[in-house]
Amino acid sequence: MTIHLMRLLLVLLVFGPTSQVHAETAGFLDLLGKVVRVGGKLADDVPDGSISRGLRRSAAPDALSGLPDGAAIRAALKRTDPGLLRQIEQLQPAEAEIALRLFAGSEVLLKASPDVLARARAVEKGGSDLLLASERYGDRVTTPAFRLLAAEDMGQLPAGSLQRFSETVAARGDTVLKRWNETILPNWKKIAAAGLLADIIFNDGEWISATGEFTTSALKKLIEVGIDITVDTVAAIPEQIVKSVWSKLWGENGIWVLLTLFIIGLPASIGISRIVIRWITTLKSLWKPRVKSKDTTIDETKIVKRNPLGGSSMGAGRK
0 MTIHLMRLLL VLLVFGPTSQ VHAETAGFLD LLGKVVRVGG KLADDVPDGS
50 ISRGLRRSAA PDALSGLPDG AAIRAALKRT DPGLLRQIEQ LQPAEAEIAL
100 RLFAGSEVLL KASPDVLARA RAVEKGGSDL LLASERYGDR VTTPAFRLLA
150 AEDMGQLPAG SLQRFSETVA ARGDTVLKRW NETILPNWKK IAAAGLLADI
200 IFNDGEWISA TGEFTTSALK KLIEVGIDIT VDTVAAIPEQ IVKSVWSKLW
250 GENGIWVLLT LFIIGLPASI GISRIVIRWI TTLKSLWKPR VKSKDTTIDE
300 TKIVKRNPLG GSSMGAGRK
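Quick note on numbering that gives the first Met the number 0: the sequence shown kicks off at 0 and runs consecutively.
A portion of the hints provided could be inaccurate.
Computed list of lysine-lysine pairs in BS3-like fashion (alpha-carbon distance at most 27 Å, straight line) [claimed, not checked]: (1) Lys220 with Lys189; (2) Lys110 with Lys33; (3) Lys219 with Lys177; (4) Lys110 with Lys177; (5) Lys188 with Lys220; (6) Lys110 with Lys188; (7) Lys77 with Lys40; (8) Lys189 with Lys177; (9) Lys188 with Lys219; (10) Lys110 with Lys40; (11) Lys177 with Lys220; (12) Lys189 with Lys219; (13) Lys177 with Lys188; (14) Lys33 with Lys77; (15) Lys77 with Lys110.
Note that these hints are calculated values from the structure, not bench results.
Here the structure is a predicted model, which is why all the values come from computation and not from measurement.
All chains, full assembly: derive it from the sequences and hints.
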């Protein structure tokens with residue numbers, strides 16, 4: 000009876016007192032737990048509390064955009080456990096969608112790892128955030144997730160690393176997965192040796208911008224540890240630099256930055272101006288129009304003819 004009451008309270012905390020979940024039987028969390036265990040072929044000892052973690056975000060109206068493969072998921076669940084599917088069909092549409100997504104996410108985990116203990120620990124640490132993200136993004140989530148799980152279990156990462164990664168992926172999706180799969184995973188050893196992994200996980204906003212690109216400070220750190228940056232990441236560097244310069248110009252000490260730039264740039268501007276003026280003057284002298292020459296045609300009527308006897312005559316002379 001006590002466990003029954005605790006689960007009822009947990010449902011109310013997750014979904015609120017106005018939820019239309021079948022809370023009168025306090026069986027919703029039991030149902031979700033069974034869905035995950037059936038889909039991922041897990042033992043019965045996976046705690047329902049870990050599965051419920053993150054469900055409040057998933058139950059929000061703006062988080063549900065329709066299940067694209069709903070028919071396929073239902074068909075898979077029907078083949079696995081027809082009775083469980085009938086129970087899900089009795090839920091309200093939003094809750095039924097969550098249950099189906101969790102089932103699909105647990106199936107993705109099953110395909111990603113043959114180790115039942117690893118899958119159980121992944122669900123325990125990542126909760127519904129990991130399951131729902133796995134359903135949406137597949138191995139783009141599970142590949143880094145199981146690597147983080149192994150590192151956390153071996154003490155190479157602090158406790159809660161997989162949980163934080165799962166929460167970040169559930170909230171940011173593609174904006175972080177692109178960098179994890181294209182840069183972080185291929186350079187795992189270098190990043191881990193430099194002690195940067197935990198910082199990337201717990202301070203993701205300082206590493207990956209809202210547009211999904213590495214920040215300027217992140218690029219500097221990655222280059223320092225000898226990581227080759229992809230072309231599209233390098234293309235984002237000028238924009239990052241412009242934003243950084245702009246913030247410096249209009250920041251707290253912006254007036255001094257502007258004054259310094261003015262003092263440095265003034266002599267250069269004067270020198271360039273003189274060169275330009277001299278160049279223009281030279282071009283004008285080269286292109287100066289020539290003066291038209293005078294007409295040199297001989298007018299025969301004005302020629303003075305000299306007389307052989309010493310005189311002179313104009314025109315035809317006298318007879």
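Taking the hints in turn, this is what the structure says about them:
1. A C-alpha spacing of about 11 Å is found between Lys220 and Lys189, which places the hinted pair at or below 27 Å, so the restraint holds.
2. Distance hint between Lys110 and Lys33 is fulfilled; the C-alpha atoms sit about 18 Å from each other, no more than 27 Å.
3. Distance restraint check for Lys219 and Lys177: the Cα-Cα separation of roughly 19 Å lies within the 27 Å cut-off, and the hinted pair is therefore satisfied.
4. Between Lys110 and Lys177, the direct Cα distance comes to roughly 21 Å. Compliance with the 27 Å bound is thereby established for this hinted pair.
5. Restraint check for Lys188 and Lys220: satisfied, since their Cα atoms lie roughly 15 Å apart, inside the 27 Å limit.
6. At most 27 Å may separate the alpha-carbon atoms for a hinted pair to count; Lys110 and Lys188 meet this at roughly 25 Å.
7. Between Lys77 and Lys40 the CA atoms are separated by roughly 15 Å; this keeps the pair inside 27 Å, and the hint holds.
8. About 18 Å separates the Cα atoms of Lys189 and Lys177, which keeps this hinted pair within 27 Å; it holds.
9. For a cut-off of 27 Å, the pair hint linking Lys188 to Lys219 stands: about 18 Å separates their Cα positions.
10. Proximity of Lys110 to Lys40 is assessed by CA-CA distance (about 11 Å); at most 27 Å being required, the pair is judged to hold.
11. Distance check on the hinted pair: Lys177 and Lys220 sit about 18 Å apart at the alpha-carbon level, within 27 Å; holds.
12. Proposed proximity of Lys189 and Lys219 is supported: the alpha carbons are some 14 Å apart, at most 27 Å.
13. Using a Cα cut-off of 27 Å, the hinted pair Lys177 and Lys188 holds, with the two alpha carbons roughly 18 Å apart.
14. Proximity of Lys33 to Lys77 is assessed by CA-CA distance (about 14 Å); at most 27 Å being required, the pair is judged to hold.
15. Distance hint between Lys77 and Lys110 is fulfilled; the C-alpha atoms sit about 18 Å from each other, no more than 27 Å.
Against the hints set out earlier in the document, no violation occurs for any number.
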